[in-house]
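Listed below are the residues making up each chain.
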Amino acid sequence: MSTFISFVLAIISSMLIDNVVLSRFYGICPFLGVSRKVKSSLGMGIAVVFVIILATCICWPLYTYVLEPAEIPFMDTVAYILVIASLVQLVGLFIKKYSPSLYKSLGIYLPLITTNCAVLGVVQSNTDQGLTFLNALANGIGTSVGFLVVIVVFSCIRVRLESANTPKAFKGLPIALITAAIMAIAFMGLQGLFSGIKL
Amino acid sequence: MEILWAVLILLGLGLLLGLGLAIAEKILHVKEDERIDEVAKRLPNYNCGSCGYAGCKGLAEAIVTGKEESLRKCKPGKEDQNFKPIIEYLDQHPNEDGTKVKVHL
Numbered sequence: 021m022s023t024f025i026s027f028v029l030a031i032i033s034s035m036l037i038d039n040v041v042l043s044r045f046y047g048i049c050p051f052l053g054v055s056r057k058v059k060s061s062l063g064m065g066i067a068v069v070f071v072i073i074l075a076t077c078i079c080w081p082l083y084t085y086v087l088e089p090a091e092i093p094f095m096d097t098v099a100y101i102l103v104i105a106s107l108v109q110l111v112g113l114f115i116k117k118y119s120p121s122l123y124k125s126l127g128i129y130l131p132l133i134t135t136n137c138a139v140l141g142v143v144q145s146n147t148d149q150g151l152t153f154l155n156a157l158a159n160g161i162g163t164s165v166g167f168l169v170v171i172v173v174f175s176c177i178r179v180r181l182e183s184a185n186t187p188k189a190f191k192g193l194p195i196a197l198i199t200a201a202i203m204a205i206a207f208m209g210l211q212g213l214f215s216g217i218k219l
Numbered sequence: 095m096e097i098l099w100a101v102l103i104l105l106g107l108g109l110l111l112g113l114g115l116a117i118a119e120k121i122l123h124v125k126e127d128e129r130i131d132e133v134a135k136r137l138p139n140y141n142c143g144s145c146g147y148a149g150c151k152g153l154a155e156a157i158v159t160g161k162e163e164s165l166r167k168c169k170p171g172k173e174d175q176n177f178k179p180i181i182e183y184l185d186q187h188p189n190e191d192g193t194k195v196k197v198h199l
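Going line by line, the protein sequences match chains H and V.
Okay, so the first sequence: first residue is 21 according to the numbering used here, each after it adds one.
Okay, so the second sequence: first residue is 95 according to the numbering used here, each after it adds one.
To be clear, the hints were calculated from the coordinates, so they are not data collected in a lab.
Accuracy of the hints is not assured; some may be wrong.
In silico EDC-like cross-links for lysine to aspartate or glutamate, where the CA-CA straight-line distance does not exceed 16 Å [stated by the list, open to error]:
#, chain 1, residue 1, chain 2, residue 2
1, V, K151, V, E119
2, V, K161, V, D127
3, V, K135, V, E182
4, V, K196, V, E182
5, H, K117, V, E182
6, V, K135, V, D191
7, V, K178, V, E132
8, V, K172, V, E190
9, H, K124, V, E126
10, H, K116, V, E119
11, V, K194, V, D174
12, H, K116, V, E126
13, V, K151, V, D127
14, H, K57, H, E182
15, V, K194, V, D127
16, V, K194, V, E162
17, V, K151, V, D174
18, V, K196, V, E163
19, H, K117, V, D127
20, H, K116, V, D127
21, H, K117, V, E119
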């Protein structure tokens, strides 16, 4: 199979089958915290896409060409966090400059992308599994776009839930958690998507 | 030897990223009313959120832009330590058109 097709398949597989939020349970904090409005969840999703793809592009070479030859692969987590934190700072500056309203609506969740385990999880698993750069990139793109899709879909559902007649005890977060669980079950249905294709 | 390399590489990485951020900060600088920072400095800075804003900076911005007039919104603030210096500062630093920022206890 050509490289391109396997690249696309790897993106789709880490986006839908191994969805970062619904089957690996990373990044739940922004998933629940910023999904009250569609606009801010879209902003959050795009910011995370940007951070994850850039972090993958920086951390993979950093591990392979600097940490590994210097025989200090045990420092990987610390180095990754350093890179991710500065990237988040950069994204924050960008958003503050070009969209102050988005900056305000993201609030504390913007710097919290630093501790979004989806970002560190992707970067770490890329090097732990010893993926090639292309596969690592596909994993990064797929995971982050998967996060974007799921958080936007979830926020659309939550906007509808606001006006729905939920029992008082379930109003707000409880019904959101139940919704997330049902979404996770729905995503389990995609498990056998590539079973007929030989990779 | 490994430890030395670890320290040196992380140091270099930090330096590089810090330099990049400093340059980005210069390019993407946003002009802000400096009175917001000054008022925020005089608030308790617990960032407790009991005023209804995201943090002390949020309340300071609301005070300076005139959205919030009552300083009592800040629950942990003390009259002598926080509120009086803010009123004094805003008294000395009026808006650009000469009108004063309306605040009271």
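Is it true that the CA of K135/V sits at most 16 Å from the CA of E182/V?
holds, 14 Å
Would you mind confirming whether the straight-line C-alpha gap from K117/H to E119/V stays at or under 16 Å?
Given that 16 Å is the threshold and the Cα spacing comes to 10 Å, the pair holds.
Against the 16 Å threshold, does the CA-CA distance of K196/V and E182/V hold or violate the hint?
Distance ~12 Å between K196/V and E182/V Cα, so the pair holds.
Holds or violated: K117/H with D127/V, Cα cutoff 16 Å?
holds, 15 Å
CA of K116/H to CA of E126/V, is that 16 Å or under?
Status holds; Cα separation ~11 Å.
For the pair we were handed, K116/H and D127/V, check the Cα-Cα distance against 16 Å.
holds, 15 Å
Does E132/V sit within 16 Å of K178/V, going by the straight-line distance between their CA atoms?
Satisfied, since the Cα-Cα distance of roughly 13 Å is no more than 16 Å.
For the pair supplied as a hint, K196/V and E163/V, confirm whether the alpha-carbon distance does not exceed 16 Å.
OK: K196/V and E163/V at ~6 Å, within 16 Å.
Taking only the CA atoms, is the gap from K117/H to E182/V under or equal to 16 Å?
violated, 31 Å
Would the pair K194/V and E162/V pass a check requiring their Cα atoms to be no farther apart than 16 Å?
Distance ~14 Å between K194/V and E162/V Cα, so the pair holds.
Quick one, are K151/V and D127/V close enough, alpha carbons at most 16 Å?
OK: K151/V and D127/V at ~12 Å, within 16 Å.
Going straight from one Cα to the other, do K172/V and E190/V come out at no more than 16 Å?
This hinted pair is violated, its Cα atoms lying about 29 Å apart.
When each numbered hint is compared with the structure, violations occur for hints 1, 5, 6, 8, 11, 17.
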